[in-house]
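**Q** These are the residues of each chain, in order.
Number of protein chains: 2
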Amino acid sequence: MNTFPAQILLHILCFLGLSFSYLHPLDPLEPSEISAIRNIIKSYLLGSSDSPFGFHYVGLDEPDKLTVLSWQSDPSSHPLPPRRAFVILRAGGQTHELYIDISNNSIASHSIHLGNGYPMVNLEEQNAVTLLPFSYSPFVESVKKRGVELREVLCTTNSVGWYAERVYDGRRVLKLQCFVAGGTVNVYMRPLEGITILVDLEAMEIVEYKDRFVVPVPVAAGTDYRASTQIPPYGPRGNRVVVAQPDGKGFTIQGNLVRWANWEFHVGFDARAGLVISLASISNEENSSYHSVLYKGFVSELFVPYMDPSEEWYFKTFFDNGEYGFGPYSSSLKPMIDCPTNAEYMDGYYANGDGSPVRIPNVFCIFERYAGDTSWRHTEIMLPEMITEAREEVSLVVRTVTTSGNYDYVFDWEFKTSGSIKVLAGFTGLLQIRATDYTKFYQIIDEQHGELVAPNTIGVYHDHYVTYHLDLDVAGPVNSFVKASLHTVRSQDETTPRKSYWTVIKETAKTEADGRVKLSTEPPAELLVVNPGVKTKLGNTVGYRLISRGAAATSLLTDDDYPQIRAGYSKKQLWVTPYNKSEKWVAGLYTDQSHGEDNLAAWSMRNRPIENTDIVLWYTMGIHHIPSQEDFPLMPMLTCDFELRPFNFFERNPLINTKPFNNGYWAN
Amino acid sequence: MNTFPAQILLHILCFLGLSFSYLHPLDPLEPSEISAIRNIIKSYLLGSSDSPFGFHYVGLDEPDKLTVLSWQSDPSSHPLPPRRAFVILRAGGQTHELYIDISNNSIASHSIHLGNGYPMVNLEEQNAVTLLPFSYSPFVESVKKRGVELREVLCTTNSVGWYAERVYDGRRVLKLQCFVAGGTVNVYMRPLEGITILVDLEAMEIVEYKDRFVVPVPVAAGTDYRASTQIPPYGPRGNRVVVAQPDGKGFTIQGNLVRWANWEFHVGFDARAGLVISLASISNEENSSYHSVLYKGFVSELFVPYMDPSEEWYFKTFFDNGEYGFGPYSSSLKPMIDCPTNAEYMDGYYANGDGSPVRIPNVFCIFERYAGDTSWRHTEIMLPEMITEAREEVSLVVRTVTTSGNYDYVFDWEFKTSGSIKVLAGFTGLLQIRATDYTKFYQIIDEQHGELVAPNTIGVYHDHYVTYHLDLDVAGPVNSFVKASLHTVRSQDETTPRKSYWTVIKETAKTEADGRVKLSTEPPAELLVVNPGVKTKLGNTVGYRLISRGAAATSLLTDDDYPQIRAGYSKKQLWVTPYNKSEKWVAGLYTDQSHGEDNLAAWSMRNRPIENTDIVLWYTMGIHHIPSQEDFPLMPMLTCDFELRPFNFFERNPLINTKPFNNGYWAN
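Chains as they are written, first to last, in my numbering: chain A, 1351 to 2018; chain B, 1351 to 2018.
Hints are computed from structural coordinates only; laboratory data are not their basis. Don't take every hint at face value.
No copy is singled out in the list; a pair is fine if it fits within one copy or between any two copies.
Unchecked claim - Listed next, the in silico PhoX-like pairs over lysine-lysine satisfying Cα-Cα at most 20 Å (straight line):
id: 1; residue 1: K1790; residue 2: K1887
id: 2; residue 1: K1856; residue 2: K1790
id: 3; residue 1: K1415; residue 2: K1934
id: 4; residue 1: K1684; residue 2: K2009
id: 5; residue 1: K1885; residue 2: K1790
id: 6; residue 1: K1833; residue 2: K1860
id: 7; residue 1: K1934; residue 2: K1922
id: 8; residue 1: K1931; residue 2: K1415
id: 9; residue 1: K1868; residue 2: K1495
id: 10; residue 1: K2009; residue 2: K1599
id: 11; residue 1: K1931; residue 2: K1833
id: 12; residue 1: K1868; residue 2: K1856
id: 13; residue 1: K1525; residue 2: K1560
id: 14; residue 1: K1856; residue 2: K1885
Modelling step: build the complete structure from the supplied sequences, incorporating the hints.
**A** Structure (structure tokens):
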């Protein structure tokens, strides 16, 4: 990619008289744009209808990929493509899809979604429905029966999923779960068990209420995690380590474009996906040109099914991205705690239920990471002079944190000078707790669907499936997926005493069926994305490897179970599809109460060609979580990651002629 | 564990009039002890024989585990156990095993090893045999034929393995591989291909010589990795990040005992294993007592089989630990490059072939690691005050680096305040290269057993299997191994619309057959080591989990292939055995030219009971390596790790009441 001519672009923008300041076609919507969209829609819809309406998604409708790529190839001779937004509204009991031409102040299209599923719920409607129980006398009675003060109760929402046996006649509904806040901020540890409350989001009323049994509310003592409430003896810690950068930061942020070492990429914020990495490109050894690696990468879904089939729990099979959206739940990162002292921060904006822009300060942090490691080393003892040569490893991390109710997810994209991208998910926060009569392990006589982690407290079994949308463009958009399988060969050659060895059989996936990979099956394989049209000087096809590092759990639900139908992709770690702009959300655009017709497994059934074309990888990291007492009252971080690593992408190790930091000859 | 009364012990030592300064029964042999051993043996053996002899192993013969544990339980009332050493010599064509009583200046036992296999080769004999070709006229002729100057040639040794079809009549032999050093320090990239040289280590002569074909020696250009030889444009790097500890280091080193935060452990150096972690214990939440976690952990073997069955390559199936030993190949770590600025260093000593002590300065580094991450966090949006609470993650790393000829292995043991131990292996250094006629990929028409990574340069397919000996003592030595398997259950209950869920079936391994685990097989399972005799207050059995993070390759060789017979353990990632002091080396004590009778697979065939007893885990991380151009001329680091993580070991998250570093209330 060439240098970005910001001056020229700003000049064009001024000439056109626009008040928006975006610099790049993939820049997320600015607050002024969100406000403009709201105004366009308000005047349009208020003219045609007087039913109340709510905003459920407002985001950039990205220009076509070819438009972006051609703009990127020479920004100075292409105008910025027109800005369009995609908006999902609920009005009159229907889901409306609108494409807005922001520059023209106009609505480009308006249609009604007629299929199954609903858009993400918004915060405002959730806040409203969580207040309903407090004026609902059966609930007040239930609280009283449990000896709890109503003023200490708080409720939160749960998506209901889809079960053919429990249809809600086309109504958008949620279930509420309530907790006792008294004595701790860790309300998730104190559920009011036995109660199910079904609320209708359009009618704003409780439509079903059950109070099946009473068990004790677990005590507050020992659950608060705030530093201010702790008493000695304090927990263990090392001495603090602070990082400093005597030469300053090594990266620049221009608008949403980040440049560091040999990398350049765009960072965007989306109300549903949260962090979106786009157009990640890396320069060749001569630093003379950039080569594309990743057109787009983001977390497409986070599926968290719980394993308790009881009335109060069976429906807890969350799709955190599609049902709630990562945007509004992205945390404002705490400087010097969530990220190190040398981090820079960026803000994010999303539209609330009213369509107004909401700012999340410090939604991303970006920092150079040094953990004391080397990027390569060698000690040579064969030579009389005994050489040791090594280079320090400094990488660049982009971090965001999404708190999906109880769970906190840390999402890192770590760019390495070697060309690797390490993609990490960290799991912390609070367990979903089921209250129980049991206070000791030996009392338990029946199936608990979880582990006793504190008195009266079951940490329920569950899974986490983090699915990444990885639109790799290895040295350009036209790529193929290659499985390089390792096969044992029995030696036929009588001259060797070796009886066996393995060799590699590289198979290029022709259609989507060839691109579905379950990692645990034999034979083992390297997973490669190659560009068949680009060769190294040596004649090897350029490529990138996807390296799994465990966290390879796949769903254990039966194929006919409803959450499994909705997350049909969750039994294989990797799927490959041809690029299709509309296929962004692995569990479908309308995930809430979805029936599974619009998800990756459904798209992939068409078995489209994926050879020598623009392809997208969908990679899922999965964890089965059996809770332990250490997860109470708040879980220590568990991390997992995968790596995208160059494979014949460079002519040689691109770091071999990198200067060391502390060697004599690098004198200052 | 109680506080270590160093003063009292020093007093005892002085009283006994010993000149040795060890403080702990597991302290490695000091140089003065190594010298004393040499003197004892010299006077003993010179009296009984006048054949030359060489030292192949000199190490601490550790006191019995029960002795160590009872000493540890109350060091002030137990004297330090007597110091004994275990020594392996070669003399008169035989392998001698000697137990030395250092305190008494006496030999406690002397026996001859009569089985198959030989001890580790020592550096001195390797240095001697690598000189033999230079006065061997067929070799001089071969070099001349290749147009290479003899003075630029260097040779290195390869173990020969064991193949029934190629027996050497009980001779200790090695094969030599020679390289051209001219124009680069990266000699491994310039092999003299086609030549095989078999040398007899006792006779010190070449006993077999083959020169089968001539291919070009790959050029030197572009292979040197020294900073001083690089020319612009330089490779990419971020700006340097330096770490500082304003409150100083958080750990103390007393002799070989390290204390940090809630951890205490002993660090030892062994000529074969390199780094040995012993007696790792962690304090409970009240900091009132230590609880044992790991009696001993070290890399027991590093098996690296290559996949080229040709005459020049078939035998390359290295057991780096057993054939060469990690000790002499441990790198002297470069401060501020191999380890960060805040690291402390320790030296190591081993006995050379003459029995004299050799010092390796900076063989370990120990540092507090902060990579910008949190050990836990939560943002609570349910409460009006919107809480975000988090703690910075600082851990303690013990690092060593072993360079097994071409490959450099970084071994980290990372202790976390959460109770986790993350065990990491990093792979870097130089490929084993086979020279070839080919200079371009498209020329290749036959099976290459590797990838073209540079002109005339094949990076040969190979595997790495790093096997850890993990003598876990979870809250004491009496443990059991539990597989907590996840099984799908079809809901029978008509009241739930959920059709399925998973539940956990915990099976305690009765005998060794139950303790063999191949990770990729269904059903998935958590791997637990529990102490059946110790319960939490809640009644859960205390335990630790072993979490794999990928690098789960297992051997693809056929069961009847000789290297596979010798590494019979390499088809399953995990084995569990009852503790047996003599079972330290997974491929057997005498690995060089071993026949596989004395290895983990053989021991485990006895199918001993492993329930409710002292058990040892053997865990193998495996990697299949298909080289790429990026691995030339020196490989970027590839890391893999596994985690030992508490599971109901603590009553709750032990970090919940840990003070943050940068919060207001932690004011200075």
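**Q** Going through the numbered hints above, which ones does this structure break? Give me the numbers in ascending order.
**A** 9 and 11
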